[in-house]
Amino acid sequence: MKTNMTAPVTGLTMGLAMSLTLVTAATAFGEDMHQHGVMISDAWSRETTPGARVGGGYLTITNHGMKDDRLVAVAAAHAGKVEVHTMTMKDDVVVMRPVENGLTIPAGDAVKLAPGGEHLMFMKLSHPHVADEPFEATLSFEHAGEKVVVFDVLSMRESMARMVDTDDHHDSTDHSKEHHNQ
Amino acid sequence: MKTFRIILWSAVGLAVVVVLALFWTTSQQRSSTAQTGLLSNPIPLEQPGDGASSGNRPMNGSPFSLIEANGEPITEAAFAGRPTVLFFGFTYCPEICPVSLYMLSTLIDDLGDERGDLQAFFISVDPERDTPEVVQSYISPFAHNIRGITGDLASIEALAASWGIFVEKVPLDDGDYTVDHGASILLLDRQGRFRGAFDHRDNPVIASEKLKLILAL
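These protein sequence lines are chains A and B, in that order.
The end of the first sequence is residue 403 by this note's numbering, with every number in the run present.
The end of the second sequence is residue 1197 by this note's numbering, with every number in the run present.
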């Protein structure tokens, strides 16, 4: 029993240590050399109402590397499951689907997950997203490894302002969409 | 020639009868509209280029028997006599539903005293997961403006369809499911008739004017 218990713990510790190393490495490369790895910016979510089963997450992922990368998994302590979703409006109908096989981040390009399009879907929430209480999520990339990302949580009012802001920048959103819809 | 004349005059006679019948039907409809003091145009509030398409939306929804989020039964009778706003959504919706509810609630707040007896309902398109308690909790920040409705799936699908709101449960690979649903916010007059729509993509100023118009009808 004891060996069975310690093995996973050791594995976990090693995993954590490795993740930390990867995160540090990715950050160092991203910031210092701008040649390798992915950079995350503008990570935010909106507050959820008490009964909400899910919360949306938005962010910009920039790939400074020479080859395409993929966001293959996302995990957060307060969410039993996190998926990347597309959201489209067909006339007045909301159509939301999980992105299969990860979200591709083309080399030398940025993918923006923003209201009105792709988002992270935090599901099975153990507690709601509360305005001004940031939370962490771990994003796993095929090449860049794991990155711990802090999501700001905006109030509904702030998030509405952010949505208007997003609408003003259709060009960049459409640009990013061109890639991962391929 | 004689036969031709008979046929010709019969055709003219038939045409006159048809025109008179059409005129009579139209005038009957007009007078019934006039009696209730409503505009003859069934969709007077739509603006060109609206996000919420209402082109072929029915004017009347079907009767229903569902459960309000407070646990009480609710029927179409709740829509009678008051300007009513309807929005279909579900609690597994991370963006459109909370944003739409927030927008609607804020618009109602902003009406202030002009709000009158306006009422608004959030109707779950995922009643299997959205129990009355879950719906009540979900709308709690907006409960002063918006009431929740849930019930059995077939009844809700029938109600949504009767208003021209698309609802489709879509199974996902992992055994889970999602619900594609129309996001239009429907505006009904005091007779429970469809008068316009907007959605979260619309300019709040225009949406607010539409709310005021159903209050004025």
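Be aware that one or more of the hints could be misleading.
[To be verified] Calculated pairs, DSSO-like style, for lysine-lysine (alpha carbon to alpha carbon, straight line, at most 27 Å):
| hint | chain 1 | residue 1 | chain 2 | residue 2 |
| --- | --- | --- | --- | --- |
| 1 | A | 288 | A | 345 |
| 2 | A | 345 | B | 1192 |
| 3 | B | 1149 | A | 311 |
| 4 | B | 1192 | A | 302 |
[As the list claims (entries may be wrong)] Anything over 12 Å on all C-beta distances counts as not near chain B; from chain A, calculated:
| hint | residue |
| --- | --- |
| 5 | 276 |
| 6 | 291 |
| 7 | 293 |
| 8 | 299 |
| 9 | 312 |
| 10 | 321 |
| 11 | 325 |
| 12 | 354 |
| 13 | 357 |
| 14 | 363 |
| 15 | 371 |
None of these hints come from the bench; they were simulated from the model.
Virtual Cβ for every residue (Gly too), placed ideally from N, Cα, C.
Comparing the hints with the structure gives:
As the CA atoms of residue 288 of chain A and residue 345 of chain A are separated by approximately 34 Å, the hinted pair breaks the 27 Å bound. Distance hint between residue 345 of chain A and residue 1192 of chain B is unfulfilled; the C-alpha atoms sit about 39 Å from each other, more than 27 Å. Restraint check: the Cα-Cα separation between residue 1149 of chain B and residue 311 of chain A comes to about 16 Å, which is no more than 27 Å; the hinted pair holds. Using a Cα cut-off of 27 Å, the hinted pair residue 1192 of chain B and residue 302 of chain A is violated, with the two alpha carbons roughly 42 Å apart.
The beta carbon of residue 276 of chain A is not kept farther than 12 Å from every beta carbon of chain B, the shortest such distance being approximately 6 Å. Even its closest Cβ contact with chain B, about 18 Å, leaves residue 291 of chain A beyond 12 Å, as expected for a residue assigned away from the interface. No Cβ of chain B comes within 12 Å of the Cβ of residue 293 of chain A; the nearest lies about 15 Å off, and the non-interface call holds. Under the 12 Å C-beta cut-off, the non-interface status given to residue 299 of chain A relative to chain B holds; the minimum distance is some 14 Å.
With a closest Cβ-Cβ approach of about 5 Å to chain B, residue 312 of chain A is found to fall inside the 12 Å limit, against its non-interface label. Not every Cβ of chain B is farther than 12 Å from the Cβ of residue 321 of chain A; the closest lies at roughly 8 Å, contradicting the non-interface assignment. With a least beta-carbon separation of about 19 Å from chain B, residue 325 of chain A lies farther than 12 Å from that chain, consistent with its non-interface assignment. Every C-beta of chain B lies more than 12 Å from that of residue 354 of chain A, the closest at about 16 Å, which supports listing it as non-interface.
A cut-off of 12 Å between C-beta atoms confirms that residue 357 of chain A is not in contact with chain B; the least separation is 18 Å. Distance check on residue 363 of chain A: its Cβ is at least 20 Å (rounded) from any Cβ of chain B, clearing the 12 Å threshold; non-interface status holds. Every Cβ of chain B is farther than 12 Å from the Cβ of residue 371 of chain A; the closest lies at roughly 19 Å, confirming the non-interface assignment.
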